Each structure stands twice: as C-alpha cells, then as structure tokens.
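Listed below are the residues making up each chain.
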Amino acid sequence: MRLIALLFLFFSLSFAQIKVVATYGWIADLVKQIGKEKVQVHTIAKPYEDFHFVLPRPSEIAKLRQADLLVINGASLEVGFLPPLIQQSNNPKIQPGREGFLDLSQFVELIDKHKKVSREMGDVHPEGNPHYVFDPHNVPVLARAITERLCQINQKNCSYYRANLEDFLRRWSAKLREWDAGFSKLKGLKVVQYHKTYNYLFNRYSISTVGTVEPLPGIPPNARHVENLSKQAQGARFVVVEAFRSKDGYAQRVAELLGAKLLVLPSDVGSENTKDLFDLFDTLLRRLSG
Amino acid sequence: MKKVLLLLGIFSFSFAQEDLESLKRQLEEQKRLIKELEKKIEALEKAQKEEEPQKKEAREGTRPAPADRSLQLRLKFDERLRAYQISPFKQTAFLPDISFIADTSFVARNRNDQTFKKLEIPELYYTHANDGHGKLNEKRGFNLNYGELYLYAPVDPYFDLYATIPFSEEGVELEEAYAVTRGLPGGFQLKVGKFRSSFGRLNAQHPHTWDFATQPLPYKVFLGDDGLVEKGIHLNWLAPVPFYLLFGMEVLQGENEQSFGTEGFSVNTKKDGTGSNIEVGDTRKPNLYVGFIKTSFDLGRLSLLTGLSYATGKTRINHLDTEEPHAFAGKTKLYGFDLTAKYTIDSIRYVSFQGEYLYRDMKGTSYGYDDNGDLFMPFTSRKQSGFYAQLVARFHKQWRAGIRYELINKNEVKSDSTDRGLPKNLPAYYAMLEFSPTEFSRIGLQVGENRAYYLEGVRKPVKELILQFNFAIGAHGAHPF
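Protein chains in written order, with the working numbering: chain B, 82 to 371; chain E, 949 to 1429.
Bear in mind the hints are in silico, worked out from the structure with no lab data behind them.
Hints are not guaranteed to be accurate.
Computed cross-link-like contacts, DMTMM-like style, restricted to lysine to aspartate or glutamate with a CA-CA straight-line distance of at most 20 Å [what the hints assert, rightly or not]:
#1 Lys-1290(E) <-> Asp-131(B)
#2 Lys-117(B) <-> Glu-247(B)
#3 Lys-988(E) <-> Glu-977(E)
#4 Lys-1345(E) <-> Asp-131(B)
#5 Lys-174(B) <-> Asp-1108(E)
#6 Lys-196(B) <-> Glu-1027(E)
#7 Lys-1345(E) <-> Asp-1159(E)
#8 Lys-328(B) <-> Asp-1294(E)
#9 Lys-127(B) <-> Asp-1246(E)
#10 Lys-127(B) <-> Asp-1294(E)
#11 Lys-1262(E) <-> Glu-1205(E)
#12 Lys-1345(E) <-> Glu-201(B)
#13 Lys-197(B) <-> Asp-1045(E)
#14 Lys-174(B) <-> Asp-1104(E)
#15 Lys-1219(E) <-> Asp-1318(E)
#16 Lys-1345(E) <-> Asp-204(B)
All values reported here derive from a predicted model rather than from experimental measurement.
So that you can see chain E by itself, here it is in the shape it has in the complex (with noise of 0.2 Å):
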C-alpha cells in the first residue's frame, strides 16, 4: 500500500515538473510574442506620426485617401486587442443620458418673508401644509430653486426609464423614477414608478419647461406646489384614428396633501388633549383613480389640443399640531378641462395660447376647535373652481413675452349646510419677458400681483418681481408639444 503511495507520489511529482516546464516555456514564449508585439506597434505609431501630416492633407481634399490601408488596418486591430486586454468588461457605452439643470432666481416682493410665510387662501391654500420641498423663488432676495438631475435611457428592447432627482440645498427628493413600455401591442403603452399625472395639461411639465416662474392658481389650490406626482401606474391608449386622439387612466397612491392624502389620525376630543380619543382610519390603498381623454387636430398652422380630466379619492387632512389644529376627512372629485392653441407664424414666429379650468369637489367631515377648546366635527363640502388663461409669443429667436391671468371664480363651503361666506374672486395676474440665448438658457423677468393671498380674514395683495435663470447641460431629451 505504502509503495503504491509512495510511486503515486513520484509520478504526480514528476507530471507536475513537467507542467511546470512546459508553462514555463509557454511563459517565455507569450513574453516574446508580447515584446515583438510592442516593438511593431511602436514602429507603427512612429510610421503613423509620420504619415499624420499626409493624412491631414487628404482629408482636406475631396477624398480620404489612406496611405497603406493593411497597414493601418494591423495598427487598428492590434490597438483594440491591447484596450480590451486592459478593460474587458468595460460599460461605459450603456451610460445613460444624463443632465442637470440649475434654477436659480431673484425675488422683490412687498411683503417680507415672515409675513408672506404666513399668507393663506381661505379653504384652499395654507403654508404649513406646504414646507419642504417645491416651494420656488421663496425669499426675497436671492434664491436657489433647484439643482436637477435627470437621468434617461432604455431598460431593454421593451423598457425605457426616466428619473428626475432635484436637489436642493437641505436635501435630495427622488421627484420621479419611472419605466415606460417600449412596445406594447395595439397602441398601448404602461407606465409604472413614481411620475407626474397626465391630469391636465401643465401637470405633467417639469417646472424649468414652465412658460412663467410660478404655478397658476388653480394648480397651488388643488394640487399643491409639487402639483400631482404621485406613486402608481398609468395606461394609456391611442386610438388608430387620422387624428391624434388618447385615452388613458391612472391608479395612484394618492398622497396628494391639497386634496387627497392616505394616513388616518385620531383627534382628541379637547383641544388640549384631555378627553377621549376619535380614530379615523386610512383610506384605501391605492387611494387615487385618475381618467382622462386628450385630442388635438390642424387647421392650416394652427395647432390645436384640448382635453378632459378627471380624478377622484378619499382624502385624509391633518393639521392637528399646527397653532389651529384642524383635521379633514372624506372624499375629493377633481375634474379639468384643458385647452392649448399654437399658431405658427413662420420658422421662428409663434403665438400659443393655454387655459384649464379645475373643479373641486369636495366633501367630508372637519374636525376642529371651538373658543372653549371642545372638538366640533361639522359635515362640509367644498364647491371650488379656478382657471387660468395665457397667451405667449415668440417675436425673436430668442425672446419670448407672455401674459397671464388667473382666478379662482367659485369658492363656496357648507358647514352643517351653512355657507360659510368666504372670498371668491381670487385673481392673479403677470407679464413675462423671456430671453433664451439658446435652447440650454433662458433668463426671464416676471412681474404682477397675487390677490388671492389672505391674513386673519384681511385681503393681502402681494406684488412680485422675479428674475429667474434657468441653465441645463449635457445630454437633454426634447419637450414634447
């Protein structure tokens, strides 16, 4: 046994001696090869020096005519042999599109920023529901709106992905973060992640393709400052018709703090929080079922496209640790119709105008305080309406003017079937001027007046000026229409 061990062991000894001299030569042999390797290569790269200023000659000429194309053709083929042996899993060919874009402003404003933080529209916008994020051109003075990243490329053959991150000085928001089919059979097309609703039709632009630095009224009031970005998933339909003609929906989670919202909260039954509790649950999840149908169609050069929105959800409002704790709960229809109209002058020349009008509906139970601190929870509903028409032109190649107004034409809110009187007519108007050196800059001037904005029950018109600079580099899709 021990002598079959022992011969065992002298053989694998020995193979392996021999192993270990036949790589020894393989070694050699690869290092000589890799040395005449290097020594043509440098003979080419010298050769192709020389032959450089030939080159330069030829292609100035109407045919590039190359010296020694086997020659050349050797050098190619031996310079990419070397660059894959340095990096063979190299990717840097899948790097997706990516861009920033910086929004920075100047704000004059005749109310200083402590009172205009406390500004509210009666029944429709309150600030402290609203802090953190999207809030643009805030402080007077100088201001950094937003630093934003966007990301783009195809998943695969059947996906596409989007993300917009916007930084801003506290902190990073994944704003969106979506896949869109590339290739669904019949004119369909999902969508799934975290996106802008197509409610509407200034929903789904992101801020820096905004024809004026703020939001129009009615969007503030009923979709906040971020507007309706919401998790969930949307499918739309193109019908094969010789018109443009789509149908979509969308389910979303529904968080929309203006006028949806998810998250249940219990309310005491004395304001300070010594007697019994009431519990109001969550809603469902998802929360939001959003519809819409859009259109558009030519006359001559004039481009015309409209459509219909609507949404609806449970709503779930809680402001219970604010100065005045207040609480809602219920359910919101918000309904839209859109309508954007382009005339093109000529190559460069363009007159656009764009209106929605949005209507809430809303109705549910309030919980708030009396003077003696006991809970009331009245039935309220809220009839709400606002709309906002523009009209922008482009006169230059690279200015642009553009006026706005904006009203909320119907603010009428029912406790326990009694009016509550509040303000309607709530208007805002600007006038912009636009100048964009080229499609990555633009600097706009806006002025005008915001009259919806209240304090304690008294009207408080705030007059704006803001200078506001909108840069964007590197790899940028196109805005669609």
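Just chain B, with the same shape it has in the complex (with noise of 0.2 Å):
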C-alpha cells in the first residue's frame, strides 16, 4: 500500500512539472530560477551553435509538442529556425498569442533600432539589435516576466515562483553591484566585434566598439574590409569573438594586424562552460579585464 502511494506521489510530481521550451541557454537558466523543481526545461540552440543558424532538428518538435511553455528571445533572432518548429508541433498551447507562448525581447527597449531596413544593409533586424541578455540591468525585468507567466499557466505554485523570484532577484542585486563596479572600469576602453553581439554590454559600461569583423550583419569578412579596419580601428585592445566563431581566420587576422587580443567571449550560457547567468557574465568580467 505504501509503496504505491509513494508511486503514485511520484507519478503525480512528475506530473505536475511544467514543461518549458527555451530556444536559447541563458533562458532555460531563467526559468530554472524561477522554477526550480516545478519545471522542467529543455534548450533548443546548443551551445556550440551560432544563435541565428540553430539546425531545426525533429527532435525538437517532439519537445514542443509537450510544451506547457514555449519562451522565446524574440525581435527575429530565431526566425530562421523556430517559425516551421512551432508549425509541425501540433501544439495549440505555445503557438504565438496563446498563454504558452512568450516573448522575452517585449519586455526591454531595444537598441540599434533603424529607422529603415532593406536586406542590402545585410542581417538586419527591424525590432533592433537582439541580443539584449548581454546587459545584466535587462535580466530582473525577464525573470520578472517569466514569473508572471509562470504564475498564469501554473496558478497553483505562484506563491513558490514569486519566493524563487524574491531570492533571485536579491542575488542579482548583490553581483550586479560588483559588475558595475568592475565593468565601469574598462570605460574607454577600444575593441573591435565580430558581430554587434555585445552592443549592450558595451554601451551600458562605455566600452566602444571602433569596428567590426564583418562589414555587414550577418555578411562574411573579406580581405578588403579586414585592410581597411586594421586602419580605422587602430588603438582596440581586444577583438572580440563570440566562442562559436573563434576559429575565424579573419578575426586572427584582424588581431594581428591591429596589435590586439584576440577575446573569445561566451554567447549563451552553456558556452565556454558557463554554467549559469551569473557565471556567464563573471565570465564575461573576467576575460574583458584580462
């Protein structure tokens, strides 16, 4: 008799985890904040990917169709592979504007807005620049975000998610504090990107970005224009490289010629080993004043 009561807490506990799909690291580790045991979460992109070509395996429909929650970066980043996913995952739950659906980039003011998009600019994207997880000031208002959701598909343990999120919170604080501190003092300092993926790092701790590898978002480097920045940029300390691109010869390249370190940065959490948002940017401290 026992034992089956213990099975059948078992089943129900299991049961009662609420099913998350995060297309990126950095937020499956948010929701996992959040809600920590009551959930469980499974990551689309893998670390070694790079965010905007992530393969859209088969196997992530299946993940999808048992999707209580679908949370998603946004302002276009997954465009290329989540749109026919969400379509082949016969999930009326987590199809866009139903409860299961949501949208991290809504909930943050979005830099590098142009006024007008034409795809000659190269990978442009109309919302803004995406990659907005990389300023930590953004990352209270996601967690907030994510509890509310949370709290409405799962009303039963709102009061556990909104603990979760107090103590989150609180520690965030307390590390945010250091990171300004370490962060304002590279202020001034010079380096060259790959891509614009550290934008709002950069522009939240004056760091400037003289120059990129590439000429366009999202368009390869050439020899002519990796001439041409070893000119602009002189003076940049580092040329930084979001880890699924550091074999790049031309960011080696452009290194060489400039004097500079080549910085490979993580692009997610899970990449270069980080395990989680605060060691994703400890990280990111630690090798920018290196």
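Make the complex out of the two chains shown on their own, each in a separate frame, by following the hints.
See the structure below:
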C-alpha cells in the first residue's frame, strides 16, 4: 500500500512539473532560477551553434509537442529556425498569441533600431539589436516576466515562483553592484567586435566598439574589409568573438594587424562552459578585464 | 383638413430652418476648432523640429530624455487622430508575408533541344506526357525556370494559409493553396486545399530548396516533373513520445500524370478511327490514398530522420492523341523509404546524407495498335523501382559541395505475362558546387550525366552542365529540417 502511495506521489510530482522549452541556454537558466524543481526545461539551441543559425532538428518538434510554455528571445533572432518547428509541433498551447508563448524581447528596450531596413544592409533586424541579454540590468525585468507567465499557467505554485524570484533578484542585485564596479573600470576601452553581439554590454559600460570584423551584419568578412578595418580601428585592445566563431581566420588576422588580443567570449549560458547567468557575466568581466 | 396640413407645413419648415441654423452654427464651431488644431499642430511641429538635435544627442547618451513629455504625448495623439480621419479603415497591418523567388539558369548539354525533347525512359517516362509547367533547365543556353510568388498569413486563430504561385514566361499556375490548422487538440493537424504531398522526403520540398538543380530519377519517372502536388486533405498526428514520431494520411484527387489519373477515355478498335469505340470510365474521385510514418532522433551531433510512405490509387493514362497512340487503365501502388542523416561539425560545417527508395507496382490493361492498325489490349504488370543517394557538405559559411547517384534498378514490365525485356540499370550521377552569399541568394554549378535516356531503343546518355541562379526577396519563411 505504501509503495503504491509512494509511486502515486512520484508520478503526480513528475506530472505536476511544467514543461518549458527555451530557445537558448540563458532563457532556460532563467526559467530554472524561478521554477526550480517545479519546471522541466529543454533548450533548443546547442551551445556550439551560431544563435542565428540553429538546426531545426525534428527531435525539437517532439519536445514542443509536449510543452506547456515556450519562451523565446524574440526580435527575429529565431526567425531562421523556430517558425517551422512551432508550425509542426501540433501544440495549440504554444502558438504565438497564446498563453504558452512568451517573447522576452517585448519587455526590454531594444537599441540599434534602424528607421528603415533593407537586406542590402545585411542581416539587420527591424526590431533592433536582439542580443539584449548582455545588459545585466535587463535580466531582472525578464525574470519578472517569466515569473508572471509561470503564475498565469500554474497558479497553484505562484507563491513558490514569487519567492524564488525574490531570492533570485536579491542575489542578482548583489552581483550587479560587483559587475557595475568591475565593468566601470573598463570605461573607454576600445574593442573590435565580430558581430554586434555585445553592444548592450558595451553601451551600458561605455566600452567603445571601433569596428566589426564582418562588413555588415551577417555578411562574412573579406580581405579588403579586413585591411580597411586595420587602419580604422587603431587602438583597439581586443578583437572580441563569440565562442562559436573562435576559429575564424579573419578575426585572427584583424587581431594580428591591430596588435590586439583575440578574445573569445561566451555567446550564451552553456557556451565556454558557463553554467548559469551569474557565471556568464562573471566570465565576461573576467575575460574583458584580463 | 387643409388648415391642418398648412399648419404642419409651416411647423415643419420652421423646424427645418432651426435645424439648419443649428447645423450651420455647429459647422462654424468645428471649422474654428480645426483651425485652432491646425495652428497648434504647426506650432508643435516647429517646436519638434527645434527639439530634434537635442533629441539626437539624448539618444546617443545612455538614456533618452524627452524634453517635454506632455507636449510630445499631445502631439502624438493629434497626429494619430489626423491619420485616423484620413484612412479610418486602413488594413495594411494585415498584409500577409509576401516573397518572390526568381530562378534562372544557364545550361550546356551534349544533345540539342529537339533530340532532348524526344528522349524517353522506356515504360517510365515520356516527354509528351510532361509538357507545360514544371520543366526546369529545358533548353540549352539561358532558361528562366520560374518566378514564384509565395504568400503566408494566419487566417484567424484557427488556420494558417499558404499559397505558392509560380509564374513562367507562358503563364501562371496556382501550384499550392492550402490552409493548415493552428490549434487542433491531441496533437492532430489538418491541411486542406492543394499542396505537396508528404509522401517521401523530397516531395514536400519546393524546388528552390533542393540541394541539386534536377530532380532525382525515381521522382521524375514515378511522380513526374512537378512531383506529387494534389488537391485534397491531409491529417497528421504527432505521437506524445519523447522522440519525433509522426503518422499521417492523405486523401487526394489523384490526377498525377505519371502514376495515377482520374479521367476515362474511349479507344477505337482501329488506329484510323473506323472501328468501334471501347469506353473506359473515370476512376472513383477522390482517387488517391497516401499514408506515411516518419520518425527522428539524435545521436549526439548526428540527427536522423527516416520514414515509410505508401500511396495507392487507380490509374488512367491517356496518350491516344500522340504519334504512337497508347493508353493504360488500372491501379498503382507506390512504396517509399527515406533516410536523412545530418552531422553537425560546428556552427558552420556539416555533412548530410539523404537517400530514398521508391517502388511502383502497376497493374491493368494497356491499349495500343499493332502494325496493321488493329487495337491490342494486353494485361500489363509493371514492377519498377529506383533510388537516389546523395552526400552534401557545407565546408564554409557560403560554400557547399555534393554528389548524387541515382539508379532505376528494376524495370520489369510484363504484357500478358511475357516479359518485355526492357533495359534496367538506368543510372545518373551528378556533382554540385554551390556559393550562397547569404540565405537569400544562391549560385550553383552542377555537372553530370544521365544514362537513363533512350531514343528508339538506343541509349542516349545526356551530359549536362547547369549553372543555376536563385534569388529570394521579401518575407520568406524559414525552411524545415
């Protein structure tokens, strides 16, 4: 009898878990910080993948079929792989516009917005720069948005989520003071980025981007652009690349020509073995200060 | 009575007068208001212009700080009000995603266009059956293969609508127009309209997403140059298991010219039409039933997708108005097996294998004429099969290369149980190199040889070079795995 009760308890517990699919590692981490053992989180993008070009594996469709909630980065970052996955998921709960679909880009102010966009400008996002997670001051509002949505879907555990949020925000604001102090020391630092991935971080702490290795967003570099860049971007201390581009020959060449250091930064939680969002910003600060 | 009427007239008149007076007053009042508003707007516009440089500075700083928030809000409201009054029923926000894809190519071939047009694959493919649209890279020199208009938008919370409208130099065709459900419970999805069947792997893909410029042989001979694109209904169910497992069935009209067909015909017992007519009726309609199962799983960085497909329907093939009149009435079963394996090396490089095997079992009565012009109608059975296997690798962000081998390995046709002794082992092989500056433009070079073509019983290998250009503009959706 006891065994049955135990089994029942076990099953009801595992069933009680809210199934969440997150497009990127950092979103999955944030959901876990709030939901803890009440949620079961699956991440679509692999840490070694370019966040713009994630392979739409059919196995992800199976995960989306079972999901109660899909949390995405938004601002067109997933446009190259997510729509067909959602369409094939046969899951009404996570369709855009429903309760089980959460686009986090709606909660932050995006930068690098263009008044007019055209594909001749390369792969620009009409909504603005989608890599907003790299501003640590954006994270609390995102955590709140996730908490509210989890509460909506799973009212029973709302107080649990709220308590976890409070705890997370406390830890985050403690770290924020540390990061603010640390990054502020880098004020005025000149860097070359491969892609405008870290604009939110650099804008926040007045680190200036003096050039990009790619001539236009999403357009691969060429020899002429590299040569021009080596003249324009004099005084850059780092050439910053995302981990998934760490072997790019052009970035290395630019670093050589400028006498700068090639700096590999994590592109997401999970990239460069970062285990959570705290670790992500610790790593960013450590590497940029080094 | 008259008095009453007169009184009524006077009263109504005076009332009307009063109404008119009040209307006039209101109009004046409104005119004044509009003038005032206009003045205000002008002033605000001026103020805004003066503000602009300041605003720019503010934007470049850390935080944008509006100079006078209430002023701006009021201006915004006024502007919106004005815009609204000009076009109160504007619906541009509901414009669907529109994209246009242009495909053009340069072709060099060892056979001239007249000969190439006449080439056939014995008992498998005859060009006269495949006139019209869907022919890619048809002529030597330059070809405009198609310009394809693609539309997509949600209809309402319940349906999505897709339409594919390829334009050729000759005309327009409605290749696809179908609605898909957005929220059926229980993991079901329903599709209705005209669409590419989910039979096999390559069939559901649009030509502009193909890895190679040409269609593999088994597809060409069993499903035709356009593939299996039919009117009908599609239902699929995604099983609630931890891996991808999809079951589906389709009921289709079954008008495919290579393996099915619905329209009956009448055959004359004499080639010159002096004999009596034999009537062959239409098939049941709808005519074609398709079932499939697909599954997928990952082994580390290797993603596998595999499936089994089955299609069954009646067949009516009518080529009675050609030089060598012939026809066929019977039934066809088509079996398919497909396997795709993609191994991701890093964020850029991958190696991908794709292969499919198709088997056709066709039984029925053939109609043809002997040398004396007399009709003969033997019972014919066709057991035919073929496969293709391809390997494609992306080794640079903008470069891909691949090879493909295609083979018809079985072509067993029996008329009244005598084997026709047709050629089997009909191969084709190609290599391709592709440069795509972005996801929206592709330049592909394909070279190879097709040894499946015959002319009057003699093999006529076709050596080909195709330089293909493909461009996409507008809002075009992402492609599935």
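Against the structure, the hints come out as follows:
no. : hint                        : result
1   : Lys-1290(E) <-> Asp-131(B)  : 17 Å, holds
2   : Lys-117(B) <-> Glu-247(B)   : 13 Å, holds
3   : Lys-988(E) <-> Glu-977(E)   : 16 Å, holds
4   : Lys-1345(E) <-> Asp-131(B)  : 11 Å, holds
5   : Lys-174(B) <-> Asp-1108(E)  : 16 Å, holds
6   : Lys-196(B) <-> Glu-1027(E)  : 19 Å, holds
7   : Lys-1345(E) <-> Asp-1159(E) : 16 Å, holds
8   : Lys-328(B) <-> Asp-1294(E)  : 10 Å, holds
9   : Lys-127(B) <-> Asp-1246(E)  : 13 Å, holds
10  : Lys-127(B) <-> Asp-1294(E)  : 10 Å, holds
11  : Lys-1262(E) <-> Glu-1205(E) : 12 Å, holds
12  : Lys-1345(E) <-> Glu-201(B)  : 18 Å, holds
13  : Lys-197(B) <-> Asp-1045(E)  : 18 Å, holds
14  : Lys-174(B) <-> Asp-1104(E)  : 16 Å, holds
15  : Lys-1219(E) <-> Asp-1318(E) : 9 Å, holds
16  : Lys-1345(E) <-> Asp-204(B)  : 14 Å, holds
Of the numbered hints stated above, none is contradicted by the structure.
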